[in-house]
Each structure stands twice: as structure tokens, then as C-alpha cells.
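Each chain, written out:
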Amino acid sequence: MRGSMKRKKNRAAGAGPAAGMKAENGTLRIPVPAELDHHSAEQICARADELVRTRDIREIIFDFSATVFCDSSGIGMLMGRYKIMQALGGTVKAVQVRGRVERILLMSGVMKVIPVERMQGGEEQ
Amino acid sequence: MRNEMRLEFDSISANEAFARVTVAAFMTQMNPSMEEVADVKTAVSEAVTNAIIHGYLGEVHKIVITGEIEDDWLRITVEDKGTGIADIEKAMEPLYTTRPELERSGMGFLFMEAFMDEVQVESEPGKGTAVHMKKRIKSQEA
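Here the protein sequences line up with chains F and R, keeping their order.
The first sequence: position 113 = 267 (the working numbering), numbered continuously.
The second sequence: position 25 = 292 (the working numbering), numbered continuously.
Hints may be right or wrong, so weigh each one.
In silico DSBU-like cross-links for lysine-lysine, where the CA-CA straight-line distance does not exceed 30 angstroms [claimed, not checked]:
| # | chain 1 | residue 1 | chain 2 | residue 2 |
| --- | --- | --- | --- | --- |
| 1 | F | 266 | F | 176 |
| 2 | F | 237 | F | 247 |
| 3 | R | 329 | R | 401 |
| 4 | R | 357 | F | 266 |
| 5 | F | 237 | R | 357 |
| 6 | R | 394 | R | 348 |
Cβ pair distances, simulated, as ranges [claimed, not checked]:
| # | chain 1 | residue 1 | chain 2 | residue 2 | range |
| --- | --- | --- | --- | --- | --- |
| 7 | R | 271 | F | 179 | 35 to 41 angstroms |
| 8 | F | 266 | R | 285 | 30 to 36 angstroms |
| 9 | R | 333 | F | 249 | 36 to 42 angstroms |
| 10 | R | 361 | F | 245 | 24 to 30 angstroms |
Calculated from the structure, these hints are not laboratory results.
By construction, the Cβ of each residue, glycine as well, lies at the ideal position given by its N, Cα and C atoms.
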């Protein structure tokens, strides 16, 4: 694979867990990385909060389609963004959630305050 | 079957993934199910994150994980020599956190207890904390 694939690099978005965020028309779309833990959550929160401060964000969508691991730091990330958006009159939702991640979100009770959409045809990975 | 391992690493957040993946690799010889591996990875991640954030308050020191397999039992201990916990019972209460400013959900111990068969916390303020966890791995013949 090395060197054989040409990809467009988005240098502005940077690399690492906080890469690939898109702020458009008041919506911030965050692609959650494969592993959501304290390490990656911290970087996502820093970047997301910066975008919420500088752009007029009304909605945050966390896209979990690539995520296979999530611990309580992921719950902290969701609840923290929920509180920030609530204060601004905005909303937060999680989409493309499946398998193990869905179980963690369910156990935490975060689904009671944040809408969570399951991945269509999602099964255990 | 009996097998032991010891892992020592710096308390930096990049090592959270390293720690849980290493413990997952250690337990593969028990033929665990995907679910059992995911349970242990989550529990280890919680304990290591606690050591980094609460044990060492973000300073870089050593975290030690010891693992022991005895027949179908997996025992994992995550240990730090950090601040320790004054009130263990309180610390283990769901939603309780000493660091709300860090957006800690207060669910670390809840997940450890949910995913392991037994969780014991040994701690002394100023000396450090050891989290002992046990899980029976059932799918031996898988």
C-alpha cells in the first residue's frame, strides 16, 4: 500500500484524532476516530471547541462510523459538548453508532439527553 | 495453564491505547471471545486513564500493569505511585468525579465493574493506587 495510494491531504485540518472536522452552514461534523479514549477525546474537544468559538456553530454531529472502541472519556466528550451547545442554544447528536460503542453509550445513559442514530444494517464488529 | 507478565510505561495519554492493546494481546492465549477482549480493553483503558489523570495529575511517572493467567481466570493490576485516593467508596460512586473541569464522566469505575467479574481498589493518599481486576474467560474451547 505504501506510496501507491494518492490521497488529497487536508493540511489545514491537521492529522491525528481531530482530523477531518468540517464546519459548514452552522453544522460541525466530527469524524470520530477508530479508538475514542482520553487521548483522542482531548484532541477532538480542543479542536471542536475552537471551531464552536470562531464559527457560528448551531449543531454538532459526531460521526461514529469508523469507531470500534469507546470508553468513559468518550462519554465525557459527548456530555461536555452537549453542555456547551445547550448554553448556546444549539444541539448535539451522534450518528452511525454500532456494536460495542452503542452498548457503551446505552450503559452511560447519554442517550437520554443526546439523540443517537444507529448505523443502518450495523452489526457487531 | 499459568502465565504472568509485567508492563511498565510512562503516564502519557498516548500509552492508553498501547496498554489496552498489549493486555488484549496477552489474553489471546485464553481464546477469549471478541466481547471478552473488548470488556478487558475498556476496563484497562479506564484504569490507566485514572492513573494518568488522577494518580499523577498529568505529570509523567511510571504506570505498572501486571497480568496473570491461571486456567480460565485473567487477573490484571494497574498500579501508580501517585496521589492516591482518600475515599475509595466515594471515588467508585457512579458520576462522582474530582475533576469535572476535565469533563470526566465519573463512569470509569462503573465500566470497570460492569466489564470485569471483580474490581478491588487499594490506595493510600500520597503513596499511590492499585486497581486489581479479575475476569473469567469462558470461551476456552472457541
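Quick rundown of the hints versus the structure:
no., hint, in the structure
1, F:266 to F:176, "holds, 26 angstroms"
2, F:237 to F:247, "holds, 12 angstroms"
3, R:329 to R:401, "holds, 22 angstroms"
4, R:357 to F:266, "holds, 25 angstroms"
5, F:237 to R:357, "holds, 25 angstroms"
6, R:394 to R:348, "holds, 6 angstroms"
7, R:271 to F:179: 35 to 41 angstroms, "violated, 56 angstroms"
8, F:266 to R:285: 30 to 36 angstroms, "holds, 34 angstroms"
9, R:333 to F:249: 36 to 42 angstroms, "holds, 40 angstroms"
10, R:361 to F:245: 24 to 30 angstroms, "holds, 26 angstroms"
The structure fails hint 7 only (numbered hints given earlier).
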